[in-house]
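Given chain B's structure and the hints, the job is docking chains F and E onto it.
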Amino acid sequence: MKISNREDAVSLFLMKTMAALVVAMLFALILLLFKVSLPAIKTFGFKFITSTEWNPVEDRFGALSFIFGTCLTSTLALLMAAPLSIGVALFINEVLPKRLGNLLALFVEMIASIPSIVFGLWGLFFLAPWIKTLAAPWLKLHFGFLPFFNGPSFGIGFLTASLILAVMITPTITSVCREVFKAIPPLQKEAALALGATRYETLKIAVLSPSLSGIVGAIVLGFGRAVGETMAVAMVIGNSATISASLFSPGATMASVIANEYPEASGLQISSLCFVGLLLFFITIFINGLARTIIWRGQNKWRRV
Amino acid sequence: MKKYYYYLLRKLKNIIFHLALYTCATIVLLPLFLIIKYVMTKGISSINWNFFVQMPKPVGEIGGGMAHAIAGTIYMVTVAGLIAIPVGLTCGIYLAEYGQGKLARTLRFCVDLLSGVPSIIVGIFTYALIVMPFKTFSAFAGGTGLSIIMLPIIVKSTEEILKLVPDHIREAGLALGLPRWKVIYYIVFKGSLSGIVTGIVLAIARAGGETAPLLFTALSATHLSFNLTEPMASLPVQIYNYAISPFASWQEQAWAGAVVLIALVLGLNLTAKAIVHRQIFYPYLQKMILVLGLEKRKNI
Amino acid sequence: MNVLSVKNLKAWFSDHYIVKNISLEYPEKTISAIIGPSGCGKSTYIRCLNRIHEEVSGARAEGSVHLLGKNIYGVGVDPVRLRKNIGMVFQKPNPFPSMSIFENVVIGLKLQGMTQKGKLMEAAEVCLKKAALWNEVKDKLHHLGTSLSGGQQQRLCIARALAVNPPVLLMDEPTSALDPIASAKIEELMLELKNEYTVVVVTHNMQQAARIADFTSFFILGELIEHGASSDIFTNPKNQKTEDYISGRFG
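Chains as they are written, first to last, in my numbering: chain B, 271 to 575; chain F, 10 to 309; chain E, 3 to 253.
If we strip away everything but chain B, and leave its shape as in the complex, we get (with noise of 0.2 Å):
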């Protein structure tokens, strides 16, 4: 549009020059990140991703067993999370009557607001006691056969991590699923009970399957929360750069070696855990792109329709 006016021409190149200014300082915060790992990076190149060792004292590093962690834990809240915020989205949407779907909602937004660290204090305070002393033993006197459930049980460790993030990403599926659930209009649901479903039938129809991909987005997006989520892991998993098959075993993410080491670290050791930074950045962006491609298509699809 023709900009006429002398003032509005000012009030415009104002704005522009923030948001460039805004764009410019990404650009160079990333720069910098490249910048603090570039030591690390001459020294390791491709092997930090492949070697599992990590030596301060010997300055030997490799990110292997925090890219392991990472995963392990992701996913395995992932697991845990996902049906649950599903059902939670249904419940709130389709079932409750609007008040106390309203009600319900907040609470799972709480869920969303409390901060990181009280959750870390939770877990380890008490639900690692909690898996110590009743879940551990419980699943490996009834699953002990599976490499899952080998080794003892500090209360600390992936397992304990990984339920911690199933109950902090859960808000973050839930409310994504919700807003899916809502796009869909109402004459699919009236056509299905139209035919004599019952609402389990209606359900299953006219809202789970067309907003599959917008359920797998969300999906991926709590599983991006899940791989960046910090001090909460930080404090429960044991800060050791293990690969193991137990959950009960301590370990460590890229999150929570870098927020464990970082303080009093130094040197060649800075640089390795500003790379697995680097890296952290990357994987981040890189799901948290992959789920808005996901989601971003899935409702176009429905603007053909």
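Honestly, the hints are just simulated from the structure, not real lab data. Please note: incorrect hints may appear among the correct ones.
The list that follows gives simulated cross-link-like pairs (lysine to aspartate or glutamate, EDC-like), each with its CA atoms no further than 20 Å apart [what the hints assert, rightly or not]: (1) 86(E) with 180(F); (2) 112(E) with 180(F); (3) 191(F) with 471(B); (4) 22(F) with 471(B); (5) 191(F) with 80(E); (6) 86(E) with 278(B); (7) 199(F) with 105(E); (8) 191(F) with 56(E); (9) 22(F) with 364(B).
Since the structure is predicted, the reported quantities are computational estimates derived from the model, not experimental observations.
Chains F and E only, in chain B's frame:
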């Protein structure tokens, strides 16, 4: 006959489905209530007036508080707000009102990117940007880190709220002979203030609860200071340090800190909700004020 | 001299040629209506008269529109300032949200610099009386503008447009979103406004044009088919297409 059994089966599936949903909801709500109950019971005992006004005492001595940490959080969040709010509002307005061009799309992409960055990476960003060049940990670095966290929240919520204003309202303003910037500021922006304020309150709540961006930027401190160039304590970091320490008395303080932090963050979030739903909320507020005798009855 | 004089007005949305070379004259203190089937450029045409058409990206206009002798499409004319001399009322009533009735009426004056409370109150009273709304709102001037009914909101928008005292008032289907009783009230109001202002109104409703307008123009797809005194157009149209539209054979 077969039809009847099939019908029963469908009914049964329906019932199981509903039961499953109720179970899901219960499982999901369980941790929420457990956490709040646990934090409250453990922390309430250590909350007293001292907690809010005293500095920490050495291990072994009774008493002491987290005044410096609480003050530090308020201070750094304010610094963060001073940076993030003007920048965020400007960018949000730009995206909502002029949002089609290349720069606008790039900005939107960058803001989306920034909103997905893990908070620990924001810490590394800030470390590289401010701690390294100035060779010192500082409250300013902490404030900057928090502002990076706040910025995407403010930009996105401002853009969403302003986009809700229908175009013909803007045209009515233009038709009165007002330049575009006056239409944007006096009519569109001022008309959406409540939504925008809500976004800012939510950003503040988020910033107040963050630990990771402060861990190696503002670090921590044992005394009360308002010096931007020195490390400063903050509530979440203090809780973290106390929690992982081996001292029981410090751990108790950590719980008290958690109570304060949760109260602050949840309080801000509920305030934001109340602003949005004020049509429902105000009558109750008015009744309460009347009941408490704080205000004379006005003709409504 | 006519208050508003349009010569060879053309308008585009990107590559779509919408308003096709229209020339019309609007005498002082009259109501002129523009009728025609949907999507025929009536709204676009009227939005060119206060140069609000070009605020949409990709839109442009050519030609000349003389307001009181000066060409608003001339070189160096600032559209922002020109719009103070032409008022506009829109299809959907749109009082500014979260502003009171009083604030809505005087916003045009305030943002042009008038700040004295007394003067603003005076101006508000005058405009609200002109818009036939004063009696209904004089006790609740500080209530929200959106708390009024649809018809009242539209009269509020008329008062708001009149506040800056423009010689010409453009109205884009002002009653299409209102119920019949509110519409009738607005039509009454328009007949009264004729005594002081020149009104150009786009309407979907032929009967409305026949009721209140002195002159009527008939557009199809952005072209002017016929223009003349309303009595002539509706009883004795010269163009066959006009007659077809009026007798309902299409539209």
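*Hints violated by the structure (numbers, ascending)*: 3
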